[in-house]
Amino acid sequence: MDLIKAFINLFADPRLFFVMSVVALAVIVWKRELFSKDAVGYGMLGFLAVFFGFGLFDENFRLIVVKPDNVPIVALIFLVVFFTWYSIREGVLNDRRIAAGDDPIEKQESDRVWVWPDLVYTELIALILCTAILIVWSVGLEAPLEQPANPANTPNPSKAPWYFLGLQEMLVYFDPWLAGVVLPSLIIVGLMAIPYVDTNPKGNGYYTFRERKVEITIFLFGFLVLWSSLIVLGTFLRGPNWNFFGPFEYWDIHKLEPLTNVQLSDFIWVRMLGQPLPEHWFIREVFGIILTLAYVAVLPPLLARMFRRYYEKLGATRFYVTAMLFLMMLSLPVKMLTRWIFNLKYVVSIPEFFFNI
Amino acid sequence: MAQTETVQPKEALLVRCWNWLTETQIWTSVFRHAAPINDRNRVLVMLSNVFLHLHPVRLKKHGVRLRYTWCMGGLSFFLFLVLTFTGLLLMFYYRPTLEYAYSDIVGLREHVPLGIMREMHRWGAHAMVITVWLHMFRVFMTGSYKPPREFNWNIGVIMLVLTLLLSFTGYLLPWDQLAIWAITVGSNMARATPFLGHEGPGAALLALGDVQLIHAADDARFALLGGTFVGEGALLRFYVLHCVGLPLVIGFLMAVHFWRVRKDGGISGPL
Numbered sequence: 001m002d003l004i005k006a007f008i009n010l011f012a013d014p015r016l017f018f019v020m021s022v023v024a025l026a027v028i029v030w031k032r033e034l035f036s037k038d039a040v041g042y043g044m045l046g047f048l049a050v051f052f053g054f055g056l057f058d059e060n061f062r063l064i065v066v067k068p069d070n071v072p073i074v075a076l077i078f079l080v081v082f083f084t085w086y087s088i089r090e091g092v093l094n095d096r097r098i099a100a101g102d103d104p105i106e107k108q109e110s111d112r113v114w115v116w117p118d119l120v121y122t123e124l125i126a127l128i129l130c131t132a133i134l135i136v137w138s139v140g141l142e143a144p145l146e147q148p149a150n151p152a153n154t155p156n157p158s159k160a161p162w163y164f165l166g167l168q169e170m171l172v173y174f175d176p177w178l179a180g181v182v183l184p185s186l187i188i189v190g191l192m193a194i195p196y197v198d199t200n201p202k203g204n205g206y207y208t209f210r211e212r213k214v215e216i217t218i219f220l221f222g223f224l225v226l227w228s229s230l231i232v233l234g235t236f237l238r239g240p241n242w243n244f245f246g247p248f249e250y251w252d253i254h255k256l257e258p259l260t261n262v263q264l265s266d267f268i269w270v271r272m273l274g275q276p277l278p279e280h281w282f283i284r285e286v287f288g289i290i291l292t293l294a295y296v297a298v299l300p301p302l303l304a305r306m307f308r309r310y311y312e313k314l315g316a317t318r319f320y321v322t323a324m325l326f327l328m329m330l331s332l333p334v335k336m337l338t339r340w341i342f343n344l345k346y347v348v349s350i351p352e353f354f355f356n357i
Numbered sequence: 358m359a360q361t362e363t364v365q366p367k368e369a370l371l372v373r374c375w376n377w378l379t380e381t382q383i384w385t386s387v388f389r390h391a392a393p394i395n396d397r398n399r400v401l402v403m404l405s406n407v408f409l410h411l412h413p414v415r416l417k418k419h420g421v422r423l424r425y426t427w428c429m430g431g432l433s434f435f436l437f438l439v440l441t442f443t444g445l446l447l448m449f450y451y452r453p454t455l456e457y458a459y460s461d462i463v464g465l466r467e468h469v470p471l472g473i474m475r476e477m478h479r480w481g482a483h484a485m486v487i488t489v490w491l492h493m494f495r496v497f498m499t500g501s502y503k504p505p506r507e508f509n510w511n512i513g514v515i516m517l518v519l520t521l522l523l524s525f526t527g528y529l530l531p532w533d534q535l536a537i538w539a540i541t542v543g544s545n546m547a548r549a550t551p552f553l554g555h556e557g558p559g560a561a562l563l564a565l566g567d568v569q570l571i572h573a574a575d576d577a578r579f580a581l582l583g584g585t586f587v588g589e590g591a592l593l594r595f596y597v598l599h600c601v602g603l604p605l606v607i608g609f610l611m612a613v614h615f616w617r618v619r620k621d622g623g624i625s626g627p628l
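Here the protein sequences come in this chain order: A and B. For the first sequence, the working numbering begins at 1 and goes up steadily by one. For the second sequence, the working numbering begins at 358 and goes up steadily by one.
Isolated chain B, as found in the complex (with noise of 0.2 Å):
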């Protein structure tokens, strides 16, 4: 029998430079394993990235398959994250007073330069109301609200809620009249609250004597709008419920509800 000889061959210069970048001090202090190309290292990258931690290691095939999920609730994820991003630029540009808020968003408008920030944050949103319903849709259909899910479901209606206050506070910002109008419309129904809408009923048994103590300056449409009408007042609430104070609410839903995914067995499938 002839003797075969095997011969390395030389390695390519690409794949030199690729093996000295690997191997030097900053790439290991970034990524503490080699690629995820074996079954050791597609463990190590989901337990060691704090982003890809949110998934397991492992999950059932039907669970990644579009036919089951339609993706939803991910694309839900990623708008907040959109719209988070955006927002932020466009809060870099707008002052919510009656002075500027409507020529700063026409300045937007006219002087940025193939801005399209706005668009991508307003369609953005429409396009998140959208998927969490039908994320919400999703769930329902499969039965995922079922035992042990329970609680989930009913975080997610929060935050199904959230989504459309969120998108309803922005609805205003603008100032124009699209915006006040909408605003207004929405915003009338809290003065028919019963016993704390000043048209509500019941809220004439609230008095003391003569005195009633439910009336337009003080009752659930005031408190929304910080004012008897949509003006100065309610467009600086709404910028401050925008921006901070339903992002973080729904922020820490969020997190209960993606741990509470894993922690009630990972996505739903049959028992």
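Chain A on its own, in the form it takes in the complex (with noise of 0.2 Å):
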């Protein structure tokens, strides 16, 4: 039992976390036949059922668990993966019968019918059940009220509220401003861009993977593995200084993770070639300048070249407001690549202007 944990403590680590994370979505898309199976979806929530039915014995994954905020992470989970699957089942299921020759499911069911009794019954049944189980909840679980408000005494580790944690988890890869304020704005832009730029007038109104693939993949690949897992991540598996904790680890206070990280500039002046950083930082800083500009610059018009079949059915404008969306959204995993292999801290560091990317 000991060893199981030790494993899963191991698979828990952020990088492999991430990356296990960005595969199972690659297998969903790719094995999306197998994957619609019920015996797989209901597998996934039974299993998910067990590792936590046991994993509550563990002393330490119970302390993360039932601590009260958390517990609707858990319900979130369970309700995620069910979603997940049942949204590309009911797809795939759609793409047979168009594939067969017959409509969608939902076009088959447009006949009309009456609002009372068939939907109001139904709300309100969904109304009666929403209530129950909140009661129970309530009843079953206090709030959590902790000790009162010490701005003298900071607990370790502070957490943003749960919803936030995606977020918080970005600070370990980017600056304040960038993981604070402009990504997260840029996440509201980027969503509510979608119905602009995704001019694909197929599956309208019915649930379909194969008349969406692109769509569909990017948007899950933000959902499920930049929001969703990050959040679990934050939550679950970051303890004391916001280190990595696998899920039946002991939160240990003292626990020592090595800094080790770099900066651009300290990698080509310094190690590549052999000289003191220079005073200026513009010239300190000027091959992660040149990067960002060419990441922010010069990728899109690349893309557009390898991508020429989107650049004419979307437009000028419309590629390019997509492709800055796409590249802003995947500068989070290549930032987490960098760092993980290069040890990358920064591309850009100037602390002078607060300004590091």
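Bear in mind the hints are in silico, worked out from the structure with no lab data behind them. Ideal Cβ positions, reconstructed from N, Cα and C, are used throughout, including at glycine. Hints may be right or wrong, so weigh each one.
[To be verified] Computed footprint of chain A on chain B, listed as stretches where at least three residues anywhere in the stretch have a Cβ under 8 Å from a Cβ of chain A:
(1) 413 to 420
(2) 458 to 468
(3) 496 to 505
(4) 519 to 532
[As the list claims (entries may be wrong)] Calculated Cβ distances over 10 Å to all of chain B for the following chain A residues:
(5) Ile8
(6) Phe11
(7) Leu16
(8) Val19
(9) Asp38
(10) Phe57
(11) Phe245
(12) His254
(13) Val262
(14) Gln263
(15) Gly274
(16) Val298
(17) Arg309
(18) Trp340
[What the hints assert, rightly or not] Lysine-lysine pairs mimicking PhoX-like chemistry, simulated, CA-CA at most 25 Å apart:
(19) A:Lys202 <-> A:Lys213
(20) A:Lys107 <-> B:Lys620
(21) A:Lys202 <-> B:Lys418
(22) A:Lys255 <-> A:Lys345
(23) A:Lys255 <-> A:Lys159
(24) B:Lys620 <-> A:Lys202
(25) A:Lys67 <-> A:Lys5
(26) A:Lys107 <-> B:Lys418
Two chains, two frames, a set of hints: combine them into the complex.
Set out below in structure tokens:
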């Protein structure tokens, strides 16, 4: 048993955790016919239930999972897994119908029914069930209340509310002005831009995967890998000093992590060219600045050339907006990978202006 | 052929009471038509009831299926109503000052018999964040944001942000360690706002001669907290936003959202 726990602790390492969630998404998209089988869906829920059930016998695991404010995230894990499976399954089923020359099920069910009783009764039942769950939850679990607020006593770790922990996790890789201000704003802008950059007329009002492969894959990457899984990571696997801890690991406040991160300027000037860092910030950071400019200004036209078909279909404005938003989204995994592989801290680091990328 | 005679059964007492009740002036002043058990009255019930008239009279069959809607939009709205109601009750007990905030919550916990209003409010808020996300997920997976519903998707995104802000502002109110440090971590981001935060890139450029225009006591974080740290000003500010400001805005947007669902052709479906 201890061996299994140690094994799981090992696999929960942020690097492996992230890589595995990307791989999982790729498998879901690629092997979706298999993924959409009932046995897979219920099997995953069963596996999760067994995992949490057994986990609760472990003292360290129990401490994080049973923390009142973390309970909704356990529910979130089950719900996100279930609904991802369910929506892919419905898409695959509709794809089969379309491939066989039929209409999607929503089209076959387009005859009209009375709102009273067909809809209002469904609503009433949903509402009663929701109330019942909420009451049971409220009776069974007391809302947390800690010691009175004390500005002189900082808890370790200090965590934002759980729905912002994906953003707090980004702070590991980005400066606050990006992780806390620019990228969250871009998430909102990006979501709002979706209906205007997605010109695919198909898949409007019914589940499908084949007719919207790219859109759904990108969205799932954002929603599952970058948002939901980072929340789970930030909630369950980050302990004191924002260090990583496996789910069965004791939150040791004295755990030491080597801080070996290096700036790009150090890499180039000191290690490659064997020179001291230049005095002036612009010369010091010129390589990083060039790299960043290349990422935001040179890469989009290159992508336009590479994906000629999309460029022609979307038109210049839509294509460049999409490309920019997509690159901004990818900047997080890019930053993660460079950190894990090269220990790179910042590409551009100008502390003189609080400007780090 | 033998003649058969039909005998009317005598009406039971309950039926007669019911008939009498539904013919009184009080009853007929409230309900303008008979129970919706035939087509005519199924139309009338939708048209004459202010709450039900959010709905159309009839809709496509796939639209009432849980497999299509997951019921997440409806549950988000219902949870909002639950939160409004429980929140109102909590406001009777709670005073947003450094002196009373924490002790009022302790009082609520210790002295109110069978009190689960705070629990209902807190767990309901967590649940609403989840249902709103799942609603967005469903709308994406069914492609329901596509024309003609682009604008309504945008209203939805704004309401998603407002839901998170409502939850965030409410998080501070118990005034315990969990509250102030979560808000401290969250609001510390604002000091790094480009140009408008005193530790943000570009803020140093906004200066008149030697005088910095952006400093700790007038930047974006200060505007959010009403102070340079999470203190009395932040508590009052978050309380007002949580109980009045944000609910008003999100209520207004909900009206637009529901109206647009109807005006954009009802629940989405294959064209």
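For each hint, the structure was consulted:
1. 413 to 420: Our answer is that it holds, as 8 residues pass the Cβ test (under 8 Å) against chain A, meeting three.
2. 458 to 468: holds (count 4)
3. 496 to 505: Holds, because 8 residues of the segment 496 to 505 of chain B bring their Cβ atoms closer than 8 Å to Cβ atoms of chain A.
4. 519 to 532: holds (count 6)
5. Ile8: At roughly 25 Å from the nearest Cβ of chain B, Ile8 (chain A) sits farther out than 10 Å, so the non-interface label holds.
6. Phe11: holds (26 Å)
7. Leu16: Holds, since 26 Å exceeds 10 Å.
8. Val19: Per Cβ check, Val19 (chain A) is outside 10 Å of chain B; nearest 23 Å; holds.
9. Asp38: Given that every Cβ of chain B is farther than 10 Å from that of Asp38 (chain A), nearest at about 14 Å, it holds.
10. Phe57: Check passes; 25 Å lies beyond 10 Å.
11. Phe245: Given that every Cβ of chain B is farther than 10 Å from that of Phe245 (chain A), nearest at about 18 Å, it holds.
12. His254: The claim holds: His254 (chain A) sits with its nearest Cβ about 21 Å from chain B, beyond 10 Å.
13. Val262: holds (21 Å)
14. Gln263: holds (16 Å)
15. Gly274: holds (31 Å)
16. Val298: holds (22 Å)
17. Arg309: The claim stands: Arg309 (chain A) keeps its Cβ more than 10 Å from every Cβ of chain B (closest is about 20 Å).
18. Trp340: holds (24 Å)
19. A:Lys202 <-> A:Lys213: Holds, at about 11 Å.
20. A:Lys107 <-> B:Lys620: Between Lys107 (chain A) and Lys620 (chain B) the Cα gap is close to 20 Å, so the pair holds against 25 Å.
21. A:Lys202 <-> B:Lys418: holds (21 Å)
22. A:Lys255 <-> A:Lys345: holds (21 Å)
23. A:Lys255 <-> A:Lys159: holds (18 Å)
24. B:Lys620 <-> A:Lys202: OK: Lys620 (chain B) and Lys202 (chain A) at ~21 Å, within 25 Å.
25. A:Lys67 <-> A:Lys5: This hinted pair holds, its Cα atoms lying about 20 Å apart.
26. A:Lys107 <-> B:Lys418: holds (9 Å)
The structure meets every hint from the earlier list without exception.
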